[in-house]
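Residue numbers (our numbering), protein chains in the order written: chain A, 8 to 308; chain B, 1147 to 1493.
One or more hints might be untrue.
[As the list claims (entries may be wrong)] With a straight-line Cα cutoff of 27 Å, these simulated DSSO-like cross-link-like pairs (lysine-lysine) come out:
#1 B:Lys1362 to A:Lys175
#2 B:Lys1213 to B:Lys1180
#3 B:Lys1316 to A:Lys35
#4 A:Lys175 to B:Lys1180
#5 A:Lys192 to B:Lys1316
#6 B:Lys1243 to B:Lys1329
#7 A:Lys168 to B:Lys1316
#8 B:Lys1213 to A:Lys145
#9 A:Lys145 to A:Lys168
#10 B:Lys1316 to A:Lys198
#11 B:Lys1366 to B:Lys1285
#12 B:Lys1243 to A:Lys145
#13 B:Lys1178 to A:Lys175
#14 A:Lys192 to A:Lys175
#15 A:Lys192 to A:Lys145
#16 B:Lys1243 to A:Lys192
#17 B:Lys1362 to B:Lys1285
#18 B:Lys1243 to A:Lys198
#19 B:Lys1178 to B:Lys1285
#20 B:Lys1285 to A:Lys168
#21 B:Lys1362 to A:Lys168
#22 B:Lys1385 to B:Lys1369
I should point out that these hints are in silico values taken from the structure, not numbers from a laboratory.
The model shown is predicted, which means the values in this text are computed figures rather than measured ones.
The lines below spell out each chain.
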Amino acid sequence: MLGHAACWLSGLLTLFLLLFIVIFLVLKGIHVISWDFIATNPKPSLDQNLTGGIFTPVIGTFLLVAMGTLFALPWALATAIYLAEYSEGNLWVGPIRTGIDILSGVPTIVFAIFGLAIFTNPHLSLFSTMVEDVANAKAFGRSFMVSSITMAMMVLPFIIKSIEEAIKAVPSAYREAAYGMGISKWRTIRKIVLPSAIPGIITGVVLGIGRIAGDTAIVWLCLGGSMTLTGTQPWWQPQNWLATLQNTGSTLTTYIFYSSPAGEGNSPDKAFGAGLILIIIIFALNSLVDYWGRYRTLREE
Amino acid sequence: MGKMELENVSVIIPEKASSTTGFFTKPRKPFKEKIIEIILLLLTVLSSILIFFVMFFVISKAIPVLKASGFSFVFSGGWDENFLNAWQTSGEQSALKFGALPLIAGTVLTTSGALVFCLTFGLGCAIFLSEMCPAWLRKPLESTVRLLAAIPSVIYGLIGLMIVVPFISKHLISNELSLRMIKICALDGTSLLAGIIVLSMMIGPIFIAMASDAIKSAPKIYKEASLALGLSHWRTIVKIILPAARNGIVAGAILAAGRAIGEAIALSMVTGSVANLPNPAHGLVFFLEPVRTLASTIVDNAEGMSVAACESALFACGSFLLLSCVLLSLFSRIFSGNLRTGGVSDK
């Protein structure tokens, strides 16, 4: 009986934990959020009311998500297709899977310093900027490009896993029918298997997006701590896009870290506002995955 | 009538087939298939050897400090002084000696503390979710666990900093206690306890999800046989279902431990970021002392990256993290290899 009570208690505790977090964030954050908050740039100020909004962090989050997905998706898709369709009878598949598995357990902070170690190499300075006035040449190693490539490595194993599951869930009758009509293997995969696996692929991508949008360590180290976009201004003009990508900025997560009492820009109210917006984005992505999952099972039935 | 339709069908089918022959009259060249397969294989191999690249770069950058410090990296303290020294002398040979004992202790303490919470409340929640939950509550609870697992760590850090830390400093730390301890460390609420609480909120959902999956995949006939023999539901859970799900639960705990070890931002926000070794001789104050983990050190001292010695020291922290996480991953593979003991399917 005691055990029953304890289990009920811890189950309800989990439920209340989420309610508590959400209600707390909403209560603290809702009065900060306005159109001005979203559409103005952050400004350094000691007065909390003058610290501006979260425009550039939101842009940074979307930029990083888009570029990270752009780098990770083709790579993950190729790996998943190979593992699901071609790997039969290949003795090396065991070690390959182990390698990918271990990669999924590597902490993001390690990816972050790995990215720094690679991209501070002066030969790779086209991904970021050169540090001037230093005796031994060194690239700065912090930019949107560097952090999105590092992000792509971080989410790679997760996307691979969900795409592979989606491909494996495609009924083998589809493939056999295609082979029976004399269609080659690659064409079968491209025309039959991948289109049927699209909901699963989207699920994987959305999971990856959630991880990219929620990660702080990589952004803090590989994108730097500047809150606004530091490329040539104005950044929205096409000729400055490349410079923007080569320079630093911020995302919602680093904005929260920076604005919290632990960071330098001490404006906790703004941090709560940004946190609420981030949570809304993440929850929306999750319900999208839910929706696709339900849609898929419904269609299969 | 029926016969007519059948005849119609039999007429139509060859027509359709002949109209689609265009699809495969042009045979694909085999070498194109071959090239595609090779490209896919190369990308696959690349994604699996990425881990070796990561290990190679992180460890090779860490070697100067690890070589100079030797075993004292693990067994001696004084990280903050070492770091300041290396920063000021900008990397002379003498400044390469670092002692990371407080950081390693901080990592082990926060992780094991969070695991204790996980294995009690988390396991309780997993049992509740998979065995006792009323049908109307199951769906909301499942979504709750999933959403909690998806909340970014920086938000847990923010909540820890704005709720847990003030609570500790208001209710658990009295003025005279902080006066008494002022010579050793500042007690301002950012503490080991806050770290453990925030970390268990973070890794709890991951553990719950894995453990409840493991419990659900325990063979149903075990449970039915046990209930048929007249054992109570609780006794069945404890004696039959949990042992059958043991491997999955252990794999979940290992996964959660890996996440806890690598967590940087949230812990750097709530544990005080002082490389302090909590002293068990202080009794329960032990939990109120600030600590710092290996991962949050990298975040806190990131500005030192421009000095070679400091950079190498941070990579040494990173390589310790990396190696422990790789070991944990390998270890959890052993357990998740056969989630179902007994080899009985639940159909």
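Evaluation of the provided hints:
1. B:Lys1362 to A:Lys175: 23 Å, holds
2. B:Lys1213 to B:Lys1180: 47 Å, violated
3. B:Lys1316 to A:Lys35: Holds, at about 20 Å.
4. A:Lys175 to B:Lys1180: It holds: about 22 Å lies between the C-alpha atoms, which stays within 27 Å.
5. A:Lys192 to B:Lys1316: Violated. Lys192 of chain A to Lys1316 of chain B sits at ~67 Å, over the 27 Å cutoff.
6. B:Lys1243 to B:Lys1329: Roughly 26 Å separates the two Cα atoms, so the pair holds.
7. A:Lys168 to B:Lys1316: 46 Å, violated
8. B:Lys1213 to A:Lys145: Holds, at about 24 Å.
9. A:Lys145 to A:Lys168: Between Lys145 of chain A and Lys168 of chain A the Cα gap is close to 37 Å, so the pair fails against 27 Å, i.e. violated.
10. B:Lys1316 to A:Lys198: 64 Å, violated
11. B:Lys1366 to B:Lys1285: Cα-Cα ~21 Å, so holds.
12. B:Lys1243 to A:Lys145: Distance of about 25 Å is within 27 Å: holds.
13. B:Lys1178 to A:Lys175: 24 Å, holds
14. A:Lys192 to A:Lys175: 15 Å, holds
15. A:Lys192 to A:Lys145: Since the Cα atoms of Lys192 of chain A and Lys145 of chain A sit roughly 47 Å apart, the hinted pair is violated (cutoff 27 Å).
16. B:Lys1243 to A:Lys192: 58 Å, violated
17. B:Lys1362 to B:Lys1285: Holds, at roughly 15 Å.
18. B:Lys1243 to A:Lys198: This hinted pair is violated, its Cα atoms lying about 60 Å apart.
19. B:Lys1178 to B:Lys1285: The hint is violated at about 48 Å.
20. B:Lys1285 to A:Lys168: 25 Å, holds
21. B:Lys1362 to A:Lys168: 22 Å, holds
22. B:Lys1385 to B:Lys1369: 10 Å, holds
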